[in-house]
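*Asks:* We have chain B; now place chain Y onto it with these hints.
Read off the chains here:
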Amino acid sequence: MADFAQKPAYEIARRLEVRGQQSYSWFILIAPPGEGEAGVEPFAEELEAFLGREPRVLDITGFLVDDLRSKLQDPPDDPVILLGFNERSGEFWSSIDVNRSGLERSGGIIFWLSAKGVSELCTYAPNVRSFVGGSIFVVGREGSEMSPEERRGRLRDLAAYFRMNDDEVIRLAEARKLPAEPEFVEWLVLLGRGDLV
Amino acid sequence: MIRAGLVIDELHGSLYRHLAVRADLEPGSQQLLVGGIGSGKTTELLLAESWLRSQEGAVSLYIDITAETDLSGFNEGALLAGFGRHLYRYVLSKFSADAGVQQTTVKETKQAIQEFCYGKTETEWVPYPDEPQDWEPEAEDFSDSDGYYRTREVPGKLKPPIPAIRRDLQSIGQTLSRLLALIREQKSDVVVIFDGLDRLLVPEKFVAAIYQDFRVLRGLKVSVLATAPISILYGAAQQISEQFERVHHIAPVPAAEPLLQTVLRRRCSDLSLLSEANVARLCTYSGGVLRDLITLSRDAGEEAYVAGANEVRDQDVEYSAKQLGTAYLRGLGPEQIAALWTLANTRSLNLKLPAVLELLVTRRVIEYSTTDFRVHPALMAVLPQQEEAKSQ
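For the protein sequence lines, the chains are B and Y, in the order given. Reminder that position 70 of the first sequence reads as 70 in the numbering used here, one-by-one numbering, no gaps. Reminder that position 285 of the second sequence reads as 285 in the numbering used here, one-by-one numbering, no gaps.
A few of these clues could be false.
To be verified - Among the chain Y residues that face chain B by a calculated CB cut under 7 Å, a handful are: (1) 199; (2) 308; (3) 310; (4) 313; (5) 314; (6) 320; (7) 323; (8) 326; (9) 333; (10) 335.
Source of the hints: derived by calculation from the structure; they are not laboratory data. For each residue, glycine too, the CB sits at the ideal point set by N, CA and C.
Here chain B stands alone, though its shape is the one from the complex (with noise of 0.2 Å):
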């Protein structure tokens, strides 16, 4: 059966940052197999190195969905990662469906869910998936998607494009004079050296 894309946290933290910071969107991410919530630290630190903005991770373990409407709109413009929905009954999301509305807000929000925790969305929330739309991801680990040839073949691109190879983008940053593109990062992220970003 059809399975959702796996992208690495990186592309899907540059996805948001294309969007914009303002852009009213909506994420799910599964969590990697076996991983669980212990994946959304690394993932957190992905996203707040492409927006440079800290995202919130949020546990709504017994939320009612007053309390996740208040916490979302207060503030409502930074980006929230939602934990805690693995154990929700179908009638709680059927209530997140109906209350849409009141959950949106100008900063992105990311449903970080089992693979069941999907399934019961798509099965009680269908106006929540369809203002998600095609925006869900298994989050894979670091560059797992592209082959070791992919990976090069990128890195030849961002060579070409930037006309600088991979030493003097590690210098740059180290020195903290590297642009702030978000090419930048995936450049870093590419060649292993994240903890430079």
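*Replies:* Structure of chain Y alone, referenced to chain B:
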């Protein structure tokens, strides 16, 4: 987006104008706008509101009620509370500079509307039963020999979670009529536009939320435009439609319709990024569902961008269609997949079965007319064969 010129206002004929004109000419009329998820209902309502605003003698209040209160439970009175709040705000802004009767009315109605929306504390007299007392009086007892006073909280209509209580809605109706009288003195009539009611996917929930409130609004001669779930068009729920002056069905725009491509071109800032062929393919995969067309195009563009491509490529369109189709596929059981294959092969759909009706309500099936149903094209592209579905 309307103001930015990104919306094509004649996409569904002149539907918004039909809605608005009737609401304007027939005070107290009630019209429903019915359509599947993502069909553009909100856009039509906002266009109708915009048209009404341009007319002298019409006051239109657009309320996305699900953004203001939790409608997932049974909560009679929530629509009237939302209407009261918006009406009060309008009157306050309109008559704030005036003195005399208008100001007095505004002040007097404020408390009643606030209490109806957000609740209040009431003191009530509780008489002692006739039989002899065998307990000590409570702390709130004011030492009256026949009984005592106690306070109780009356929840408001807009304070979630909404409890299932019933109230006499006529009292708030009288308060609202005083505000409406101020507007009518200015030779204007009020049209209220309720968006978000289509989220109540099951007809029974929809009726429970609107029945009493719409009756009061009709009595107040306030015209109503409201969205409604597509399920009220089929089966036993069809009789719901008979209670309204008009039920407008907003069908998806056929994929081959040039107007659909115009939607995309209006939204795409750089037309050179998207070839004619890919515009056509995006329209086809969307099935004419407007929100899907927009998200498919956005996702294809995004995919091209992160891949470093200079334009949207064929594989980007295929990628975005697969992502959307997979989202539609997720959550379906073998029986529903079988029903979709039956529809694809025979063009027949048994909407009397709740599981099949759900396919329509959740947009896996698109209704082009009352007899023309088809599987959403993006879903069709990833729909597993029945044997494969059973083995999952």
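*Asks:* For the hint on residue 313 of chain Y, does the least C-beta distance to chain B fall short of 7 Å?
*Replies:* Where the cut-off is 7 Å and the nearest Cβ of chain B is about 15 Å from residue 313 of chain Y, the hint is violated.
*Asks:* Interface hint check: residue 308 of chain Y, Cβ to nearest Cβ on chain B, cutoff 7 Å. Holds or violated?
*Replies:* Hint holds; residue 308 of chain Y Cβ to chain B Cβ min 5 Å, cut 7 Å.
*Asks:* Regarding the hint that residue 326 of chain Y lies at the interface with chain B, is the smallest CB-CB distance below 7 Å?
*Replies:* Because about 5 Å separates residue 326 of chain Y from the closest Cβ in chain B, which is inside the 7 Å limit, the hint holds.
*Asks:* How about residue 199 of chain Y: closest beta carbon in chain B under 7 Å, or not?
*Replies:* Status holds, d = 5 Å.
*Asks:* Tell me if residue 323 of chain Y is really an interface residue toward chain B, meaning its C-beta lies closer than 7 Å to one of theirs.
*Replies:* Where the cut-off is 7 Å and the nearest Cβ of chain B is about 3 Å from residue 323 of chain Y, the hint holds.
*Asks:* Against chain B, run the beta carbon of residue 314 of chain Y and see if the smallest gap drops under 7 Å.
*Replies:* violated, 16 Å
*Asks:* Using 7 Å as the Cβ threshold, decide whether residue 320 of chain Y counts as touching chain B.
*Replies:* holds, 5 Å
*Asks:* Please verify that hint: residue 310 of chain Y, Cβ, nearest Cβ of chain B, below 7 Å or not.
*Replies:* Violated, because the Cβ-Cβ distance from residue 310 of chain Y to chain B comes to roughly 11 Å (cut-off 7 Å).
*Asks:* Does the CB of residue 333 of chain Y sit less than 7 Å away from some CB of chain B?
*Replies:* violated, 9 Å
*Asks:* With 7 Å as the cut and Cβ atoms as the points, is residue 335 of chain Y at the interface with chain B?
*Replies:* For residue 335 of chain Y, the interface hint is violated, since the closest Cβ of chain B sits about 13 Å away, which is over 7 Å.
Comparing the model with each earlier hint shows violations of hints 3, 4, 5, 9, 10; every other hint is respected.
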